[in-house]
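Below are the chains, spelled out letter by letter.
Number of protein chains: 2
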Amino acid sequence: MDRPSATRSQRPTIDVDGRRRVVIEAVMPEIDAGRFPAKRAVGETVRVEADIFADGHDALAAVVKYKLLPARGEEVPPPHSWGGAGRSPAEGQRRRGRAAGEPPGGPSPGWIEVPMTPLINDRWQAEFPVTELGRYLFTIEGWVDHFETWSRQLAKRIQAGQDVAVELEVGARMIEEAASRATSSDGDSSRLRGLAKSLRTSPPHPAASSPSDRAALAAGSPSPASGEGKTSPASGEVKELMLRYADRSFATTYRREVEVVVEPVKARFSTWYELFPRSVGTFKDVERLLPEIAQMGFDVLYLPPIHPIGRSHRKGANNQSAKAGEPGSPWAIGSEEGGHKAVHPELGTLADFRHLVQAALEQGLDIALDIAFQCSPDHPYTREHPEWFKHRPDGSIQYAENPPKKYEDIYPFDFETEHWKELWQELLSIVLFWAEQGVRVFRVDNPHTKPFGFWEWLIGELKRLHPDAILLSEAFTRPRVMYRLAKVGFSQSYTYFAWRNTAWELYQYFTELAQPPIREFFRPNLWPNTPDILSEYLQAGGRPAFQARLILAATLGASYGIYGPAFELMESRAREQGSEEYLDSEKYQLRAWERDRTDSLRELVAIVNRIRHENPALQTDRGLRFHPTENDQLLAYSKSTPDNANVVLTVVNVDPHHVQRGMVNLPLDELGLDADRPYQAHELVSGARYLWNGPRNFVEINPHSMPGQIFRFRRRVRSEHDFEYFL
Amino acid sequence: MDRPSATRSQRPTIDVDGRRRVVIEAVMPEIDAGRFPAKRAVGETVRVEADIFADGHDALAAVVKYKLLPARGEEVPPPHSWGGAGRSPAEGQRRRGRAAGEPPGGPSPGWIEVPMTPLINDRWQAEFPVTELGRYLFTIEGWVDHFETWSRQLAKRIQAGQDVAVELEVGARMIEEAASRATSSDGDSSRLRGLAKSLRTSPPHPAASSPSDRAALAAGSPSPASGEGKTSPASGEVKELMLRYADRSFATTYRREVEVVVEPVKARFSTWYELFPRSVGTFKDVERLLPEIAQMGFDVLYLPPIHPIGRSHRKGANNQSAKAGEPGSPWAIGSEEGGHKAVHPELGTLADFRHLVQAALEQGLDIALDIAFQCSPDHPYTREHPEWFKHRPDGSIQYAENPPKKYEDIYPFDFETEHWKELWQELLSIVLFWAEQGVRVFRVDNPHTKPFGFWEWLIGELKRLHPDAILLSEAFTRPRVMYRLAKVGFSQSYTYFAWRNTAWELYQYFTELAQPPIREFFRPNLWPNTPDILSEYLQAGGRPAFQARLILAATLGASYGIYGPAFELMESRAREQGSEEYLDSEKYQLRAWERDRTDSLRELVAIVNRIRHENPALQTDRGLRFHPTENDQLLAYSKSTPDNANVVLTVVNVDPHHVQRGMVNLPLDELGLDADRPYQAHELVSGARYLWNGPRNFVEINPHSMPGQIFRFRRRVRSEHDFEYFL
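Each protein sequence line maps, in turn, to chains D and A. All residue numbers for the first sequence refer to this note's numbering, where the first residue is 1 and numbers rise by one. All residue numbers for the second sequence refer to this note's numbering, where the first residue is 1 and numbers rise by one.
Just so you know, these hints were derived from the structure itself, not from any lab. Keep in mind the model is a prediction, meaning the values are calculated, not measured. You can trust all of the hints, since none of them are fake.
Below, simulated DSSO-like cross-link-like pairs (lysine-lysine); rule was C-alpha separation at most 30 Å, straight line:
1) 239/A with 406/D
2) 406/A with 239/D
3) 156/D with 587/A
4) 341/A with 284/A
5) 390/A with 197/D
6) 406/D with 197/A
7) 390/A with 587/A
8) 406/A with 156/D
All chains should be built: construct the whole structure from the sequences, respecting the hints.
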């Protein structure tokens, strides 16, 4: 081996600030090392955790620093340099590409600091609230707390009866240094100087109680003189002053500023109803249906594309070639009557649509539009912008295909075109056009067939103008792709829920979704059915299957939706054996639904949605826990608020055919229930109340009466007369 | 809510390269998003994995690109820009702080590419070898492979009997484009042009077999004409040419260049013996002992500090105040006779030491020195550089303490001194001084009481001059701190092994250490005892305890060490009840050991070390698997080489008092053993051979004969005469 000469011509350089001894790592929530923001909804908190430690045995202090970025335009630079330990500026900042010299879009709110507290094993935490729509940044600053180290050691020295004279002088000097950092205008500086002085003013031998008493006063440590191990009343103030004027010149700031995107509450908690407006009639007819939909407890009404439909290669009933007069698929967008910014004339006018949006809002319903970036061969773009499509050697535009299958009624955009920038701008303008009509919720069709970078840009631009926009990603594809779409900005995502039907599958999948970091960016929206998915379970399971899937979707997911009236009318006929396509699918034809049929699940839907609205635990995907049932067909899980004030247990019999019995095993401690006292299990669908005892309780579920039970637990309290009440 | 106006004054900017559609994420091995290098030893491979995917359903291609950085000085810039998707240069590069304009230290080796292959679920992998000491970089490049997409789709079209005339033209044009990228000097360009031409030269209807045959030839897809689904012989060449001249203009390069530090083989696989030279006599006396130590199978001989020892507050036998004539603790470094660059006169001269180093190397032994950055009150530094120490208000230098305990014989350095840069330079010069005497292995005392940034800088500078240096971190502290020291550059680390004595504890701990990313940077070095640690298990367990801990250390860890002769002579007397300190510890006094005692474990040590040298599976910490034994006192685990050519199973009875029996359950498949045929279990300590059958086999271990068994598995093979042999 070639050993290089050991003679050095010059001293090596040192390009770090060697006195920044604190390390900050493993920060949560942080996604892909800060490449993507974490997501929150207005009113939530961000619980920040990090490993924070230093060499040696000194005490540390740390704070989370956070701020809201101005809603529009560019943020101003942070008030001071964040280049801890010689690092270059946070990656996140470069990513946002702040243009130099551009005027800030609003006042810089500055950083707000929250002290962190140690958990265990060098893990620290703090929480901060997010109260505004938009983007927050947070980072962490940590430093060696010499005063706290001194204080703890002093207590031990005094306990051991050591002479602390020199130590008191060490402390006095530290306090004087802090005093010199305190602003002279307020009284802090003189209070500190007074304290330093008092540490020096009497005989330092520990046998004399007074100095150690004073030391304890300064240090906030137990006073051996009082003999009770109590902290002296003044200690809190001293500690607080010394923390306020701590010497942070060698503090370490975490190398990145981590972004959190804050969206409307509906991004987290939403209840969707999908409906083909043309089956109802016009926008005006849909308007008449709004009260009924709102009364069922929905807050988003999602409409498949409402644009003119192409005629070339139009699809007819059951995906055959269309015969004359057939309406075609709404996803074959564009005809001579217009494209993505036009309304199908048979549904009404743009004014009618705007009216519908406003009428819906009055009922608490957001209209969600379908964003399907593709064209029929008759779309105006095909003539006006042929350069946005791929061309075949024979000059024709390349239609969609999945060889050997051909979809000649659809032309995909060519995102590799040289004119991609114009294409991106135009597609953004479509979303902005509908936002200008009052739409804030968008269901995006097949986002996984357009580049991720495109979505990241489009959603960023949309949210810059409309931070209250919510986008649902309709990507039924491989997990990495679905997660990436969520990372680049989709508020919610369709899931594999429709195909997870056994208790084990559901447990596995929802456990995965609840793991960090997935839970920080991927918000599931559960659909038991869609116009594309009539699952085998629903085809074969009858009424209990629909009921079970409804209860599962509504309690496993803070957001869920159904495609109706097919769902509540339990439409279960598939086009053919082995297919998940509906027979006579509304995708290709109009359907006249008998909405008032007596066997409709409408009432159950309303009950389940009322339960969701009354129980905050069901309005978030945090706090989900699965519980063993001793029966493979019984799935049990609870959701609870962080304070356990609201705890909801759901037990579902996933076998739609047979009665199932089992024992539900609950971790009473974690759920805030007392192991030694009975508690009430209030079944919210039926209204029945049971008195349960201990961690193991019997359940029996007959799917033919109701395949799922939703319990709210109520703890027993005693009144002044010793009557029992349950809260 | 304040909804901003929806009117935009200008089009939003697009600051990404929107046609780079491929995403590369979750790269392994990468530590803390590239903040720290992964570790390898010369001759190992780096298995790179990443999630690689794009929108849509196109085929992808990806390569790992790697290069060795020049051994000294600064690397030259990479041959072309790595700023994929508008990102700024890789973080890793900034961290190394290349000085602009500095001349490169050697020729740039350029990037070497290795094609990646898909595993499952968008996970891809490739491997590259590391053959040189120093630093490697790797990154990943991925792109949409339009030709492969075309080729796969063409096969399906042909299978479905479709007219492929237009498709053949599409392919011909792609091949022509590749031809235009091929260098004209070689024949690739004309070969490609010929191929494109042949795709066009006959009637394109699929009913005519020739064009589809030609298509298959071009595409490498099964030829329907031959009817056998075989790939045509030419296809490999076409694919390879099209990959070589692929259009990578929209390729995505991973945003970071990931560093791998490559260290000597001994960093991975080493066998340490610790010995107090003063108990032996002088360096010359130690030299006479070298053959015996080498014959026991050790390859590192670690000596506690060899420097002059302070006299002030000197410690005597059993940590009392020293009486006249007592030698003091070697860790109280420095006297008027010199400091960290001097040799204790009673051990010999610096020339004697250099002679010892060379004599040891001739026996295959590296001398490891102890780096203890602390001073006795008599160290020359205390007079020459008082500014490197903390001073108390009374003017005295602050001694070490852990209140209320005081260690007045030790002055720690003050790493917060204003003169920290000079201190760092001096401490580096100490290590370089000993490196210049031929020392390459260093055991660093209490690194966790010096700043992490200091170690990162020191190890970086040391390795820049001596890339063959190996540093062992002696930090017995909290897990995060130990891991961080490994991240900043220590080659090996002491562990909690000495306190993990039950089978469950050992399983848990070594499973944690084998997880990524820990295994990528933390190399455990297992010590059953040290001069500071005489564990309760060894105190109480007698001879079986020492044997069991030896076998565990030697087979669980690719690196392990013992402090001898205390270990092989089974010294088990503690200073007092509940203490892990040795009675009459060599830390404070000389000990005359009876090395040739008949009950010495010397022979077992030699056998175990021979087994380690003969079995490559034991020379790495990769490939460790634990196996159930149906007995809590029996721990079973195997290590195997990636090809399963060498599989070693160890079973240890951790109960030093009683015979234990159990069934060892082996995953035969993973170990490359045939479930249907017997295999030989060759017990390597005793030499006994057993014929085992199936996954479940009985073991019985009497700790009083030998508490551990080490089996090498040999598969049965048949000779031409049907005799049975085991390989």
